[in-house]
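**Student:** Turn these sequences into a full structure, and let the hints guide you.
There are 2 protein chains.
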Amino acid sequence: MTILLTNAWLLTIDPAMTTHNPGWLQIEGTTITALGSGTPPTIENAEIIDCGGDIVMPGMVNTHCHMAMSLFRGLAEDVDDRLYRYILPLERQFVTAEMVRAGSALSALEMIQGGVTCVADMYYHETEVGRVAAGAGLRAVVGQTLADFNAPDHQTFDEGFALAEQLADEFAGHSLVTASIAPHAPYSTGLQMMSRIARWSDDHPGVIVQIHLAESDVEVHWARDTHGQSSVEVVHRSGLLKPDLIGAHCLHLSDSDIALMAAAQVGVSTNPRSNGKAGRGIARVEALRQAGIPVGIGTDGPMSGNTLDLFAQLAPLSMFAKLRGKSRAPLAAATVVRMATIEGAKVLGLAQSIGSLEVGKQADLIRVSLAAPRLHPIYDPYSALVFAALPSDVTDTMVAGAWLMRDRQMQTIDPQKALRDALQIAAQFNAEIIRIDGTAP
Amino acid sequence: MTILLTNAWLLTIDPAMTTHNPGWLQIEGTTITALGSGTPPTIENAEIIDCGGDIVMPGMVNTHCHMAMSLFRGLAEDVDDRLYRYILPLERQFVTAEMVRAGSALSALEMIQGGVTCVADMYYHETEVGRVAAGAGLRAVVGQTLADFNAPDHQTFDEGFALAEQLADEFAGHSLVTASIAPHAPYSTGLQMMSRIARWSDDHPGVIVQIHLAESDVEVHWARDTHGQSSVEVVHRSGLLKPDLIGAHCLHLSDSDIALMAAAQVGVSTNPRSNGKAGRGIARVEALRQAGIPVGIGTDGPMSGNTLDLFAQLAPLSMFAKLRGKSRAPLAAATVVRMATIEGAKVLGLAQSIGSLEVGKQADLIRVSLAAPRLHPIYDPYSALVFAALPSDVTDTMVAGAWLMRDRQMQTIDPQKALRDALQIAAQFNAEIIRIDGTAP
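As given, the protein sequences belong to chains A and B, one line each in that order. Counting from 1, one number per residue, gives the positions in the first sequence under my numbering. Counting from 1, one number per residue, gives the positions in the second sequence under my numbering.
Just so you know, not all the hints are guaranteed correct.
It does not matter which identical chain is meant; a pair holds if it fits inside one copy or across any two.
[What the hints assert, rightly or not] Result set (SDA-like, lysine to any residue): computed pairs, CA atoms no more than 20 angstroms apart in a straight line: (1) Lys326 to Asp203; (2) Lys417 to Leu83; (3) Lys326 to Gly281; (4) Lys417 to Ala97; (5) Lys326 to Ile282; (6) Lys326 to Arg289; (7) Lys326 to Ala263; (8) Lys417 to Gly53; (9) Lys326 to Leu251; (10) Lys417 to Ala134; (11) Lys242 to Ala332; (12) Lys242 to Asp380; (13) Lys417 to Ala427; (14) Lys417 to Tyr187; (15) Lys326 to Leu83; (16) Lys417 to Ala371; (17) Lys417 to Ser369; (18) Lys417 to Gly401; (19) Lys417 to Gly135; (20) Lys242 to Met193.
Treat the hints as calculated values from the structure; they're not laboratory data.
**Tutor:** Right, dumping it as structure tokens:
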């Protein structure tokens, strides 16, 4: 089956940032087989879709997420001790396979509606996340979290490794879902366990490692007080600092930390809205990129960042860099769009197959409607995407040649059911919050 | 004619932040005449609108804008010298009454679609802006800009005053549009002219004064080098620091500047996206509010901020305050929503008639659909508005009891015509930009 998209404003995000307007793109099976400007080729039996001048671009890559946490969205907003007061008690009581399924389905729905075609997730009961992604047709890197606090799905690290093994087995060879292992953070995993995870990872080539890295003052103090080093140096000592690693957040980095990370060829996921909302600081994104480190964009969990589309991250990411640099120049709009697509793919080790519209790559793409007056005039399509477009402008989402959304209609998820299941569990949370607060929140 | 809204999640934004869910609200003519919880009253011949559980709240107040500049949206993004390289030459060549009409109409359309019901604008040919607002049914404070550079509509300050007089005459007694005078900025107006404007303002009670204040390093240096004072101190000396003044931006403020402003009872418009995009810095919003200064939210012109709805400002405003305070606590979500509504109304001197849903106030309100899965669960409606809602969630916009948008259908503006007129002029800009650059942008 061949699909031919015509009359599109194609932003390929290839190395030359080639655009075609009007452009066309041909898809056979899961793969982009041709694209160009001007008159499209004549193909028999192709489904021809006139894009009416809309933008067609690579689907966005969300490089850090906890999909199940959509059920905590907006809970205990503006409260500094929310982690210990609300989240950990709620997680211990309520995080079950069923909860993870419901929260992940709501998040998958939101990501598909908002133009995300690939996500890196880390949480508990992660096999369920992989199944939800596979069912929704979403590309995903799913990481079993290992932590030394009372995790909801394992009591010991041995049990955690067993879950990671199961996850790797279940998705071995899967076309969309890649297994991953996710030590929660240096301070909550410890040097010894990080070393063991590094060896485990060596024995499981292709299994991505995800970790919260250099995120908080707590972590900085732990590394200094326990090891007399920076957090990045401790991770390096454990053997985990290597090309398969995704470091999420990376707020507290010295120049020598960045040099270590660059030499080790790790990838970074920056999470501007999550970091901004927590008042944690502004990541040194320009310095990381100048050191040659690929930096993708993450939403973090919806309790921290509230939204799962990348549009909500683009303007904050750009503004933070400009505020840090005291100039309009840092992180130009086109660079931000590259980070949301090809650079995110690189962070996930998937740049050979996704992240740009090029012949031979997987057909992971979105169509962005230009119907809204608020987008016009458009002197620069990247500026329009970064500073004016909304996730609700995405009308069509395709992964591996399959439509997940067509003309805003979901193809693989029943939105009513996903929302109903989620709200049923959220109602239980609400009752518990009222108990914790002693009053209605 | 009576309108009864039923089955609404009413956020009144009254002093007690009263909510009614399900709530009802009764409108007679231009005015809110009753509201409450539970079963609505039975009223003969009323138009009854079931809001299906959606949020109904006061329309948002955009306290700083240059509506006509929508035609420059996204132009020369990421370029530090854009003002001198692009904007001023383009303004001198292209800013005519016709251009101002077209740009303002596009902006009025976008604001109504995004839930803004009142705007403070300052630009050239400002009578045209007032006419566009009046025609669209939008509430507006329209300020004739006075500046000592080659303004597009006046060569001398005397000519500028004549335009301000005409503006005040045309809208004297108008129910929606209030005339205003707008010295561009301290450095571009000068002490002597600011003094003259202060006296003119004393002779024109009710005419709001708008000024760009403490916005840039250029201004800080000018005030120090020319007067040995801060910019706020120079404005104070001119007599302009008074309750009718709206200071836009206010980024470079000392504690004593803030004390001066508080004593003078001025209002402030903070413009987070514009300031963030320019890398100019983070306003001391918490300090201003703690000093008792009302702080409203502005979009700035769409060349600086790109969007004209306030939803795009809410999360950045909150994140900036939390980054400045290194905590989640500053500017809680409910406070941010107050700033977007009642506090903005206070800045514009309109808090007695708009900014909250209370009996006797004007019926300026919006309905925000909760249909999108990305908004749920909702533990706190203010968090949902600040961190998850989009301008595209606004389905209905009412000013003074008249619908400007119903179920996303525009009632007072032809969107196709507004967009067509705007794009026609933007095409001329594009040709000139290509000439300036010597290459395609």
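**Student:** Evaluate each hint against the coordinates.
**Tutor:** Here is how each hint holds up against the structure:
no.	hint	in the structure
1	Lys326 to Asp203	neither (46 angstroms within a copy, 41 angstroms between copies)
2	Lys417 to Leu83	neither (29 angstroms within a copy, 51 angstroms between copies)
3	Lys326 to Gly281	both (15 angstroms within a copy, 7 angstroms between copies)
4	Lys417 to Ala97	within (17 angstroms within a copy, 53 angstroms between copies)
5	Lys326 to Ile282	both (13 angstroms within a copy, 11 angstroms between copies)
6	Lys326 to Arg289	within (18 angstroms within a copy, 25 angstroms between copies)
7	Lys326 to Ala263	neither (29 angstroms within a copy, 31 angstroms between copies)
8	Lys417 to Gly53	between (34 angstroms within a copy, 19 angstroms between copies)
9	Lys326 to Leu251	both (18 angstroms within a copy, 13 angstroms between copies)
10	Lys417 to Ala134	within (17 angstroms within a copy, 45 angstroms between copies)
11	Lys242 to Ala332	neither (29 angstroms within a copy, 40 angstroms between copies)
12	Lys242 to Asp380	neither (37 angstroms within a copy, 41 angstroms between copies)
13	Lys417 to Ala427	within (16 angstroms within a copy, 47 angstroms between copies)
14	Lys417 to Tyr187	neither (39 angstroms within a copy, 59 angstroms between copies)
15	Lys326 to Leu83	between (33 angstroms within a copy, 16 angstroms between copies)
16	Lys417 to Ala371	between (29 angstroms within a copy, 13 angstroms between copies)
17	Lys417 to Ser369	between (27 angstroms within a copy, 19 angstroms between copies)
18	Lys417 to Gly401	neither (25 angstroms within a copy, 37 angstroms between copies)
19	Lys417 to Gly135	within (14 angstroms within a copy, 44 angstroms between copies)
20	Lys242 to Met193	within (16 angstroms within a copy, 64 angstroms between copies)
Of the numbered hints given earlier, the model fails hints 1, 2, 7, 11, 12, 14, 18; all others are met.
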